[in-house]
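Be aware that the sequence shown starts at 1, since it is given in full-length UniProt numbering, and climbs by one per residue.
No lab work stands behind these hints: they were computed from the structure. Bear in mind the structure is a predicted one, so any value in this text is a computation, not a measurement. Among the clues, some could well be false.
Said to hold, decoys possible - Restraint ranges, calculated between C-beta atoms of paired labels, are given here:
1) H63 - A118: 37 to 47 Å
2) T69 - Q22: 46 to 56 Å
3) Y59 - A118: 15 to 25 Å
4) T25 - G67: 21 to 31 Å
5) D90 - E53: 14 to 24 Å
6) F47 - D106: 39 to 49 Å
Stated by the list, open to error - Taking lysine to aspartate or glutamate pairs in the DMTMM-like style, the calculated list, with each CA pair at most 20 Å apart, reads:
7) K100 - E111
8) K81 - D120
9) K43 - E53
10) K75 - D56
11) K81 - E53
The beta-carbon is built from N, C-alpha and C at its ideal position, and this holds for glycine as well.
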Amino acid sequence: MSEVIMPFYVGSSCFPACISKQKITDILNSDIPLKMSLWDRIKEFFFTTHQAEAQDCLYRICHPSAGTTPDDVRKLFERLKELAHPGYADNIQCHRYGGKSFCIMDKNGDELLSVSFADDYTVTTGTRGAFFADGTTRIYPLHP
1 MSEVIMPFYV GSSCFPACIS KQKITDILNS DIPLKMSLWD RIKEFFFTTH QAEAQDCLYR
61 ICHPSAGTTP DDVRKLFERL KELAHPGYAD NIQCHRYGGK SFCIMDKNGD ELLSVSFADD
121 YTVTTGTRGA FFADGTTRIY PLHP
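Start from the sequences and build out the full structure, keeping to the hints where you can.
Here is the structure:
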């Protein structure tokens, strides 16, 4: 018996993404919850018309260029707040702990992403952390 593929299209162009009947069955029969990316957890915070820009800001926060300053990150977080639905704007916080810490919280108030500055630039998302110093990126697990 051949496997059935159900295509669906994303965006205004033709970018097919396919999923098989077997994959759907495996997901439905699994006791393990699906892992969601950071973006999957917060994309509903933003109007559909602003999601591309919000995703770009998030990428720039999580992949800082050399020489990124707290002011650069503050501007990105403030832009995310502007792009967010009014009901979610408070989930995006700037100027914490003297202005060198920023975060995005989920609907329950738990941190999904935090960024802090000390001698380096540290990004924490869920179970992973990364810090950027001297042009070097180091990624590490937060929990064994």
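Here is what the structure says about each hint:
1. H63 - A118: 37 to 47 Å: Violated, since H63 and A118 (Cβ atoms, about 19 Å apart) do not stay within the stated range.
2. T69 - Q22: 46 to 56 Å: 49 Å, holds
3. Y59 - A118: 15 to 25 Å: The hint (15 to 25 Å, Cβ to Cβ) holds, given that Y59 and A118 are roughly 23 Å apart.
4. T25 - G67: 21 to 31 Å: Since T25 and G67 have Cβ atoms about 49 Å apart, the given range 21 to 31 Å is violated.
5. D90 - E53: 14 to 24 Å: Holds, since D90 and E53 (Cβ atoms, about 20 Å apart) stay within the stated range.
6. F47 - D106: 39 to 49 Å: 18 Å, violated
7. K100 - E111: With a Cα-Cα distance of about 16 Å, the restraint between K100 and E111 holds, given a limit of 20 Å.
8. K81 - D120: Violated, because 24 Å separates the two Cα atoms, which is more than 20 Å.
9. K43 - E53: Holds. K43 to E53 sits at ~11 Å (cutoff 20 Å).
10. K75 - D56: Distance ~13 Å between K75 and D56 Cα, so the pair holds.
11. K81 - E53: Within the cut-off at roughly 12 Å; holds.
In this structure, the hints that do not hold are numbers 1, 4, 6, 8, in rising order.
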